[in-house]
Structure formats: structure tokens, C-alpha cells
Amino acid sequence: MLQTKDLLGLRDISAGEIEELLDLAGQYKRKVKGGEKKFSVLSGKTLVTLFYENSTRTRTSFELAGKYLGAHEVNISASSSSVQKGESLIDTGKTLQALAVDYIAIRHPMAGAPHLLASTVNASVLNGGDGMNEHPTQALLDMLTMKETFGSLKGLKVAILGDIKHSRVAKSNLFGLSKMGAEVWVYAPKTLIPVGFDRLGARIARSREEAIEGANVVMGLRIQLERQSGGAFPSLSEYSTFYGVKDGMLARAAKGAIVMHPGPVNRGIELTPSLIDGDRSRIEDQVTSGLCVRMAALTLLSRYRENKGL
Amino acid sequence: MKRILKGGDVVLRDKVITADVLIEDGRIAAVGGKLSPEGCEVTDCTGKTIIPGIIDMHVHLREPGFEGKEDIASGSLAAVAGGVTQVCCMPNTNPVCDNAVVVNYIINRAREVNLCKVRPIGAITRGEEGESLADIGKMAKAGVVALSDDGRSVMNSNIMRLGMEYASDFGLKCLCHCEDKTLVDGGVVNEGYNSTLCGLKGQPRAVEDIMIARDICLARSLDLPVHICHVSTYSGVDIIRAAKADGVKVTAETCPHYFILTDDIITDFNTNTKVSPPVREERDRQAIIEGLKDGTLDCIVTDHAPHSKKDKEVEYNLAAFGMSGIETSFALSYTYLVRSGALTLPELMCKMSLAPASVLGLEGGEIKVGAPADLAVVDLEEKYVIDGEKFFSKGKNTPFNGYEVYGRVCMTFVDGDIKFDNKKV
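Just so you know, the sequences run in chain order A and B. Be aware that the first sequence starts at 1, since it is given in the numbering used here, and climbs by one per residue. Be aware that the second sequence starts at 1001, since it is given in the numbering used here, and climbs by one per residue.
Extracted from the complex, chain A is given alone in its bound form (with noise of 0.2 Å):
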């Protein structure tokens, strides 16, 4: 049962809540695949999507996960909104609840940003990414993925390469990940490692092959490719050559580890194409399993909102 009216992030939430989440989401799973995709769960309930970032993936799976559970769904995006006209994030939240809104999934460059919006409105907030906070469902649906695969997240390890500093991505699964018992081992260049991350809890490997030595998960971690995640490396050359985890590596992982990212990936940069495309990747599950989570998350919400007569 979740505790709180909002989902903000994987810090605050306990392995009980998240274990619950991952349950009902592959429930929906084997049910959405099986072809079924109408549900009454928040008949007559409005979903906004308030995304201040791009994004196709987040943004098309909360819409979908609000229309196959049955919502009125509306986007609003940062550019063709009043935002545009300087509208603060308090009076964009205000106008929603005053439109009587009942859930807002809401993706903004600056940390934080879903918690001040959930401290000003009644409706529940679904963190869609927050600077480089967190990104509860993207973690979420990454679980997913791993525990049907292997049937427990206990005692995985997983290994995560790519620029770890900028990403709410590395931070959400490693809460969520170490809540679960699993081990995260991050590798990226000392500039892309955020200080205190040890502190977190991930292991930080001192090599590639040290990553992904017996790894039962290889996830790649998109790169900026437009500022080269800030300058935190020479040349997309040198990154790919250093940092990039490349076909034969594999060889160094656990039997039947699987291939991640949570995309878009930028080809032969992160991974190779080979890795992308091959066997082990669940690359696209990862992305079914986003609308799952996602259906999972509004509806415990919705559970929460009827006890608490919201």
C-alpha cells in the first residue's frame, strides 16, 4: 500500500511499497500483452501530463497508462503553455487543481520541482524526472524488467555505464535497486561520477571489466551527445573508446545477463548496435514494461486518494 499521495521518488519509499508496485505492474504486464488494454480503475478521473522537458517515452506511456486505465488524459507542454508567458510552477498548479485535476505526471529540468507542485495541490504528482533527482517509474520499470527475468532482484548486480552525474535514471535505481538487495556498480569517467555516490551505496568500478565482471544486468546511460554531457570528456571518440561497453565484454558478465538502457541510446556510443539489437537486450521490454509500472502507479495512487476520501 503506498503511504504517501504522490510518487516523487524511490528515496522515500519503502522496499514493502515498491515490491507492491512491481507485483500489480506485471500483473497489467500479462494482461496489456494478452491484448487487454480497458480498465475502469480511474473512470472518470483527469490525468494531466505536465512536461516542461521532452520526452517520448515517459510522456506517451503515462498517457497511455491513463487512457487504458479509463482517465480523461490532457498534455500540457512547457513551450505551448503560459509558462511560456512566465507563469510560475505554483500558479500552473493552481490553475490544474482549480480544473479539478486528480493526477498530474510532471517532467522538469530542476530537482525538486514535482515536490513544490505536490505541496501546492490535492492532486497526486507522478515524478516523470526531475533534474538530476530522480526518475521513479524509468527505476521502477527497470526493476520490472530484471525480476521477470530473474525472477528476484535479490542479489543481482548491475552494472550501469554512462553518465552517471546528470542522471535521475543511475539515482532512482540505485535507491531503488539497494532497497531490493541488489548491488549496483557504476562506470563512468571521474568527471560523470557525482561525489558521495559511493556514500549512496553503488560501488564505483575502476574499469569496464571490473563493471561488468559477473554482472547480471549491463545498463547504458544516454550521453549528451549535444554538450558532451557538459565537457566532462574530450570527444565522443575518446568516450566511446574508454567508456563504451563493447560486443566482447558481455563475455565478463554473469550467464544470461540481459543488455539496458533506458533510451534514446545513441548508437555505438553507450553500447554498440550489436548489443542493442542482440539477444540479451530487453531494450523494448523495458519500454512495455514503463506503460505497466506506470498503470501500477496510478492505480495505488487512486487506492491511496479512496481511503484518504481525496
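Heads up, a few of these hints could be off.
[Unchecked claim] Calculated cross-link-like contacts (lysine to any residue; reagent style SDA-like; alpha-carbon spacing at most 20 Å):
#, chain 1, residue 1, chain 2, residue 2
1, A, 94, B, 1295
2, A, 190, B, 1186
3, B, 1312, A, 91
4, B, 1310, A, 86
5, B, 1249, B, 1295
6, B, 1181, A, 191
7, B, 1312, A, 109
8, A, 85, B, 1318
9, B, 1293, B, 1347
10, B, 1309, A, 95
11, A, 190, B, 1204
12, A, 85, B, 1354
13, B, 1310, A, 120
[Unchecked claim] Beta-carbon label-pair distances, calculated as ranges:
#, chain 1, residue 1, chain 2, residue 2, range
14, B, 1341, A, 75, 53 to 61 Å
15, B, 1293, A, 75, 52 to 60 Å
16, A, 16, B, 1422, 50 to 58 Å
17, B, 1310, A, 20, 38 to 46 Å
Because the hints were derived from the structure by calculation, they are not lab data. Note that the coordinates shown come from a computational prediction; the quantities given were computed from them, not determined experimentally. Yeah, the Cβ is synthetic: ideal placement off N, Cα and C, and Gly gets one too.
Guided by the hints, dock chain B onto chain A, whose structure is given.
Just chain B, lined up with the frame of chain A:
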């Protein structure tokens, strides 16, 4: 007019004595046991403590230009409510206080308001842009007591050097806000475990330390004095301590938030915790207290930085830097330094009054015969809970809401006149 403060515990430079304080013509005429109250207005101070009026040498009064955050009237009232009798106001107003006209405006406006003494600080560079020197001589003549580009560093080391040299011709010191803007890289909090935990961009201690070291290098090389503002890092304290031991003419200040808070408070995104330099870690907090104890840090100031709700009720990254602190500095400092045993009360008052007066060459700062009767009467036993919404300042932005403190300011006298009486508010 004569006034006598009867029977209070009077904080002198090195001790506390129970005595009467006689005020005549705005000055302290006598301090001693059982002075005759004949012909005097009598204020009973039994059970209370009389401290020298606080001299807060680092305050943002925001006027002219940002009156939505604070103005000279509200800021002065907040000051006297905090036992502060003299404030030095920073020049990052709009227009910037980089010329005599703005200096005169502030002085005249403060005279009309007539609460605390307001001593303007002029900008080192025109527009605080770090490119060319402001009208330092004319501002000196108009009455500035120091120079600072507070809010930022003068990044060009040659301009800083020229500023320090030129200022010395007029007997002025540069007060250095130390922040290497090439290293900040958008950091809004201390870089460390907590910044990573909550995904807020951090800035390393080196952002501050590099500029502390540079300004100390300039002071050493030019043999001129320099004053380091709002020290927040353990490593900054070390740099200053070593420089002092080497005979560099460096003085330094810190603020209550640096010896009370750590960055544990940032993780729920409360924008009232956002301040520049940022609050750091326990190691730094301990070092700041140690620096106050061993004299490395000379002064306690507030860096009172009032902001309106609209500047703070936004995303953390967008929120303004700064804390409203002038009304709580005595109680917080007394509670967290004196009651904790780190400093004695006379030592604390030296940090808050005498040392700032001495750094800037201001009159006042201690209770002695002949000094201006700038005093505050405080109740050290009165405990209360800080509530920013009750501030006189327009800036309600305190990270200390809910903190239980001791040391209520009861009355504040400036030149012998009552400027604040908490029974009458």
C-alpha cells in the same frame, strides 16, 4: 536628557558586572554600582542583561531598487528589533551603490527613518561588474565605511589589486565575497553527499577557498588589509588562520547559519535554505566554531538577505540566494555559542560589536564611559520559538523556523534614545 539603566548585568569587554548605566547626551556617562537616579528617566533592568548594540557589518537593506524585499525603514526596524544599532549595507542595490549620489540617498533616507545607524558600503567596481573602479574617492567623501562587490567576486585579479590599492588611499578596506564564478558551474548548494542525494547541483568548497586564497595573496603582496566575508568552509578557516600567523593583515567574518546549520537541511528542497556561500557539512560547522574560538574569525555578521515570497516560492534552482537573519542573530549566536560553552558572553559581544567596529574603524562597539549609548537590553532566560512570519523585516525567509532559542531582545537604544521596546509592539 539623562537616563539610567538600573541593576542590569552589564557586558563589558572582558567581564559581566551587575551595575547601573548612566546615559547623558546620547553617551555613556558612567557605569557602576548604585548610581544616583536623580533627574534621570529610569529603566529597570533587574534580571536583564545589557549588551553593546550589535554592529552588523554585512546587511542587505535592498533600497534603492528592491523595496519589495526590504527597504531602509523595514530593515532598520528589523535591526533594532534584533538589538542591532549599526548596520553596514551592501551596495548591490538598483542602481548599484557605486557613486556618491546613491550613498547620499541611503544616508539621508536612514536619517529620516531614524532608527539604527546605517553605514553604506560602496561598490569596488562600477555596477559591481568587475571591470573598472567605481567612484571610490567620492563615495569615501560621502561617507561609505568600506567597499565590496558583495554577491560576487571581482574576478579579474588586476582590478581587485587596483581596487585595494586605490581604496587604501581613502582609508577604506575591501570586503571580499569569495566565489570563483568560473568554478561554480551552476552549483546552488554545497557539493557533497546531500547534493547528490537530492539532485541539486553542488559547488565545491574550492569555489570559496580559491578566492579567499587569492585575496589573501593580494593583501600579502601589497601589504594592505583585506576582510573576508561570510566564511563557510573548514578549508577557508585554515587558509585564514595560516595567513594571520604569517602576519597578513586579514580579518574575517562568519554568520550564524554557518555555525549552526549543515547541508542536511537542503534535502527537502526548502528554498529558505538556499544561501551563498551554501551551508556545508558538520566538519565545516565545527571548524567555523573553532575559528571563532581561536580568533581566526573576528566577526559575526548576518548577511541579512531579505527576499519576497515570490523570490522564494519557486523551484530551488530559481530561488534567490539569501536568508533573513538580522532579527535572530543575537538569540541564535547566544544559544549556539554561549549556552553551548564555545564562547563567553563578552567574547560573543566582541565578535558582534567591538570587532566589526575595529575592522571598519567605527565608533562604538563596547560599553564604556564616553562611548555612544548604543545598547540593547536582553533577557537571556527568555526562551522563544523563531517564526519568520513575525519578523519586522519584509523578508520572512529564515531557515530557522521552529528553532527554540534563548535571548529575547527587550529594548534597543541608539545614542541613548529608545528605538525598540518589545513591550510596545
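Status of each hint after checking the structure:
no. : hint                         : verdict
1   : 94/A with 1295/B             : violated, 51 Å
2   : 190/A with 1186/B            : holds, 19 Å
3   : 1312/B with 91/A             : holds, 14 Å
4   : 1310/B with 86/A             : holds, 13 Å
5   : 1249/B with 1295/B           : holds, 13 Å
6   : 1181/B with 191/A            : holds, 19 Å
7   : 1312/B with 109/A            : holds, 18 Å
8   : 85/A with 1318/B             : holds, 16 Å
9   : 1293/B with 1347/B           : holds, 9 Å
10  : 1309/B with 95/A             : holds, 19 Å
11  : 190/A with 1204/B            : holds, 15 Å
12  : 85/A with 1354/B             : violated, 51 Å
13  : 1310/B with 120/A            : holds, 14 Å
14  : 1341/B with 75/A: 53 to 61 Å : holds, 60 Å
15  : 1293/B with 75/A: 52 to 60 Å : holds, 59 Å
16  : 16/A with 1422/B: 50 to 58 Å : holds, 51 Å
17  : 1310/B with 20/A: 38 to 46 Å : holds, 40 Å
Consistency with the previously given hints fails for numbers 1, 12, ordered from lowest to highest.
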